[in-house]
Amino acid sequence: MAWFQKRKQSASLSSEEEADRKTSYEDGYTDSPSRSLPSREDGFRQLQQTLDRQGNQSKGMILKLYIENFRQLNETFGYDYCEALLDQIISYLEQVSHNTVYRYIGVEFFIILKDYSTGQATVLAEKILDQFGHVWKVSGTDCLCSVQIGMCPYPGYTFSASEMMKFLDMALSEAAESGPNQYAVYDSEMQASFSRRQAIARYLQTALDNDEIDVTFWPAYNIQEEKFTMAKYYMKIFIKGIGMVGAGEFLPIAEDSGQIRSVEYYALNRIGQCIRRLLDEGKEFDFISLPISSVLFLQEDFLDKIQEIIDMYDIPRGKLAIELKDSVFTTAYLNISVLLQELSQMGVELVLGSYGSGMASLSAILDLPVSSLKLDRMFLWQMENDPRAEIVITDLVDIAKKLSLHVIAEGVETEKQVSALSKAGCIYQAGFYYSSTVKEHTLIRLIGENRETGLRLCAEEQHQA
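Just so it is clear: in the sequence shown, position 372 is 372 by full-length UniProt numbering, and no numbers are missing.
These are calculated hints, taken from the structure and not from any lab test. Take the hints with a grain of salt, since some may be wrong.
[Claimed, not checked] Mimicking DSSO-like on lysine-lysine, the simulated pairs with C-alpha atoms at most 27 Å apart in a straight line are:
| hint | residue 1 | residue 2 |
| --- | --- | --- |
| 1 | K227 | K240 |
| 2 | K137 | K59 |
| 3 | K114 | K227 |
| 4 | K439 | K305 |
| 5 | K423 | K439 |
[Said to hold, decoys possible] Pair ranges (Cβ atoms, derived):
| hint | residue 1 | residue 2 | range |
| --- | --- | --- | --- |
| 6 | Q382 | E177 | 14 to 22 Å |
| 7 | K423 | N385 | 30 to 38 Å |
| 8 | Q382 | E342 | 35 to 43 Å |
| 9 | N269 | R388 | 41 to 49 Å |
| 10 | Q464 | Y433 | 45 to 53 Å |
| 11 | E284 | G246 | 50 to 58 Å |
| 12 | R45 | D115 | 19 to 27 Å |
| 13 | E342 | G133 | 55 to 63 Å |
| 14 | R45 | K439 | 28 to 36 Å |
| 15 | Q72 | E452 | 51 to 59 Å |
| 16 | S337 | Q382 | 46 to 54 Å |
| 17 | R276 | E163 | 43 to 51 Å |
| 18 | E415 | S162 | 50 to 58 Å |
| 19 | Y79 | P387 | 49 to 57 Å |
Glycine included, each C-beta is placed from N, C-alpha and C at the ideal position.
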């Protein structure tokens, strides 16, 4: 278990806040504040020199600090106020740590704590977090700002300054999962996670080149027609030394490594092939959907690639669907809106995920050309122990019906869930109650069949495997 101190529980960083942290130019502080700080280059040089001395028994901790809500403070109080606030914060950090504070980027700073043990560094982190729990007073005006702290010991994990920063970012993310004003220490568990991510990232392109991605589909059941009428694309990769890795794990890694375009376009082509086979077999179905990373919407050739697949496999309108994550609307909303309108005009069905879980999905259905909504699985899980969840599901399905939208429920596993969803009027249901994931050749046979036949076909496929 990663060693980190929980102080008070709250929501983790939103995707917008995370974007603010990574694109610090938006906070208005790309230059140093009026208080003179060593340059980023000086800081990196000193960090690298410190790590290079590991062989001489040099040891200590690197502490990285990120001010979470600085952009909002800048918008509220203005640049001069925030510049003075940064001066005050940096002065405090130098005083309490007795070390130089280096700027990393934007409102991220790091301190080299030479000869510090992990215990001593955590005591310092607690003291800093306690200070951030009180107001800062600038020009007679009080303000509160929250902070995250990530720490990593040396020697032991790396000799590289840039890799050390990656480890500190992982610790910061770990801290953020527990809310504002937290710290986390990079440890062996995080190191194992980092090594795993590296192995997956290195193998992704090999898997694509060698066609080693295991492609399956999640069928969805139409309870009114009592047959399977749609499916969602899913993929896994077997990596030697790791085992089977699902899309939920490797797609975020592909986003970070810049490989998401190759992975998603590979998937798009496979879906085009599947749709063509279903049509050639004379199968009647609603659509086959592909979950799309929000990163792909930023690719200039995205629409051209969609049109290319439609033309290549002669796909009729409404048979290819794209599933959107709720997070796609947190940035570049207007551009996404225009792009979705164009996709709709091309005949692509749009499915919005996480229906009911946040304001983005609820507001998006009013002005975007979505045709189906994916019910957030949270309600199905809660329904097992909380009868109020069934009331929420009924109301969400009713809202969708009044807007002439379909609702798809995934993760259906029990009779209780089936009964509640059916009573609420949720026509499309998917999950182990109806079917496991299946290969393309099984999906061809399964589409248009009832639940009993579907379960039998799934069993046959698993037996043959």
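A quick look at each hint next to the structure:
This hinted pair does not check out: K227 and K240 have alpha carbons roughly 38 Å apart, beyond 27 Å. Note on K137 and K59: the hinted pairing is violated, with a Cα-Cα distance of about 36 Å set against a maximum of 27 Å. About 66 Å separates the Cα atoms of K114 and K227, which puts this hinted pair outside 27 Å; it is violated. This hinted pair checks out: K439 and K305 have alpha carbons roughly 24 Å apart, not beyond 27 Å.
For the proposed pair K423 and K439, the alpha carbon gap of about 31 Å is over 27 Å, so the pair is violated. Between Q382 and E177 the beta carbons are some 21 Å apart, a value that agrees with the proposed interval 14 to 22 Å. At roughly 18 Å, the beta-carbon separation of K423 and N385 lies outside the given 30 to 38 Å, and the hint is violated. In this structure the hint that Q382 and E342 lie 35 to 43 Å apart at CB holds, the actual value being about 37 Å.
A C-beta distance of roughly 44 Å is found between N269 and R388, which places it inside the suggested range of 41 to 49 Å. About 22 Å separates the C-beta atoms of Q464 and Y433, a value inconsistent with the hinted range of 45 to 53 Å. For E284 paired with G246, a C-beta distance near 30 Å fails the hint of 50 to 58 Å. Checked against the given bound of 19 to 27 Å, the beta carbons of R45 and D115, roughly 20 Å apart, stay inside it.
In this structure the hint that E342 and G133 lie 55 to 63 Å apart at CB is violated, the actual value being about 48 Å. Distance hint check: the CB atoms of R45 and K439 are about 54 Å apart, inconsistent with the given range 28 to 36 Å. Q72 and E452 have their C-beta atoms about 56 Å apart, which keeps the hinted 51 to 59 Å range intact. A beta carbon spacing of about 31 Å between S337 and Q382 contradicts the range 46 to 54 Å that was offered as a hint.
Distance hint for R276 and E163: a CB-CB separation of about 45 Å, consistent with the stated range 43 to 51 Å. Taking 50 to 58 Å as the suggested C-beta distance range, the pair E415 and S162 conforms, at roughly 54 Å. Taking 49 to 57 Å as the suggested C-beta distance range, the pair Y79 and P387 conforms, at roughly 52 Å.
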